[in-house]
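Peer 1: Sequence:
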Amino acid sequence: MAMYIVGADCGGTSTTVLVAKRSGEIVGRGKSGPGNYAIDGYDGVMLAVREATAEALAQGGLTWDEMLAQGAALAAGVSGTSIPGAIAKLEKGWQEAGFQTVAVSLDALIALVGALSGGDGAIVISGTGSIGLGQWKGRSVQVGGWGYILGDEGSSFWITREVLRRLLQGRDGIAPRDMALEQAALEHFHMERIDELIKVVYDVPINRGYLGSLTPVVVRLAKEGNSTCEAIIAEAGQELGYLAGAVVRQLDTQGEFCRVGACGGVFSAGSVILEPMQRALAEKAPNAQVTLPDFAPVVGALLVAYGKLGIAPAEILPSLEGSLKERRRNA
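Numbering (my numbering), first residue to last: 91 to 421.
To be clear, the hints were calculated from the coordinates, so they are not data collected in a lab.
Some clues are possibly wrong.
Claimed, not checked - DSS-like, lysine-lysine: derived pairs with alpha carbons at most 27 Å apart:
#, residue 1, residue 2
1, K111, K121
2, K374, K398
3, K182, K398
4, K182, K111
5, K121, K227
6, K179, K398
Computed from a predicted structure; not experimentally measured.
Generate coordinates for the entire structure from the input sequences, incorporating the hints supplied.
Peer 2: Written as structure tokens, this is what we have:
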């Protein structure tokens with residue numbers, strides 16, 4: 091019987107792990123380097139999870155070997171695992187490492203589970219890229235996720251691309267020049283002329299995260315009343331609302347109320363993006379409502395692991411939530 095439950099959120103920037111007891115008491119939280127299978131490979135993901143798990147265990151006075159000796163289950167959401175064979179290879183690796191029960195999925199799935207506390211509904215993730223997911227009475231749907239050239243509408247990369255496009259139009263006299271936005275973009279990217287920004291966009295390989303880092307600046311200017319930024323952020327929200335609406339329609343909820351969790355860094359902008367998102371969603375799916383996520387993806391990973399042990403979210407969430415709140419109070 092697994093006495094310890096490990097939930098891992100492995101992303102392109104970092105890997106986060108929560109270790110809990112079977113009772114739902116949190117043992118510790120650990121963080122390590124990136125764990126994107128497509129970039130960091132099998133060894134990179136395995137190492138990142140082990141390092142983050144060791145850090146979490148140390149907070150509870152445990153070692154890796156002590157945890158495995160008492161029985162452990164692991165669920166991991168790993169970015170980059172759409173590569174054929176990736177999930178099976180990772181699951182086999184963690185089983186061979188000593189975990190009794192293992193479940194590996196794309197990182198977006200654990201975000202869905204965490205955002206909705208394991209219940210039915212939909213999410214839209216908007217960070218460097220964007221994607222919509224949903225589950226409803228056994229059906230699963232994915233919309234978007236086609237990458238920065240063909241998709242990623244409403245993402246931080248998309249927002250920056252729209253800003254740069256409009257700034258270049260202003261430079262060329264196609265559209266009015268927005269000097270405040272131009273100056274903010276040049277300062278952010280440490281450049282002197284607007285045409286120098288071309289280098290940032292066309293560098294090989296493209297650094298989408300670096301480009302997307304302009305988004306908080308755009309959000310700030312939008313909140314200060316910059317009309318160009320207001321329009322871009324509102325359009326981003328609209329695109330994300332349409333993405334969510336497509337998910338809800340394909341789930342075929344038969345008019346039942348459907349939550350749509352707004353996950354990812356772009357939504358830290360707050361109402362300036364959430365309100366246009368809700369308006370666009372209402373056009374496509376009047377029965378749906380944008381909400382903030384219940385829990386982070388790493389908690390979703392824990393819920394997946396508990397589920398593999400036959401423990402439902404409703405059964406374990408009160409203990410998990412109480413333990414998480416206690417840790418925050420004592421931090």
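Peer 1: Taking the hints in turn, state whether each one holds.
Peer 2: So, going through the hints one by one against the coordinates:
1. Taken as a hint, the K111 and K121 pair is honoured in the structure, with Cα atoms around 18 Å apart against an allowance of 27 Å.
2. The straight-line distance between the Cα atoms of K374 and K398 is roughly 35 Å, outside the 27 Å bound, and the hint therefore fails.
3. Simply put, K182 and K398 have alpha-carbon atoms about 16 Å apart, close enough for the 27 Å limit, and the pair holds.
4. In summary, the hint linking K182 to K111 is supported, as the alpha carbons are separated by about 23 Å, within the 27 Å threshold.
5. Straight-line distance between C-alpha atoms of K121 and K227 comes to about 34 Å, which puts the hinted pair past the 27 Å bound.
6. Only pairs whose Cα atoms come within 27 Å are accepted, and K179 paired with K398 is accepted, the gap being roughly 19 Å.
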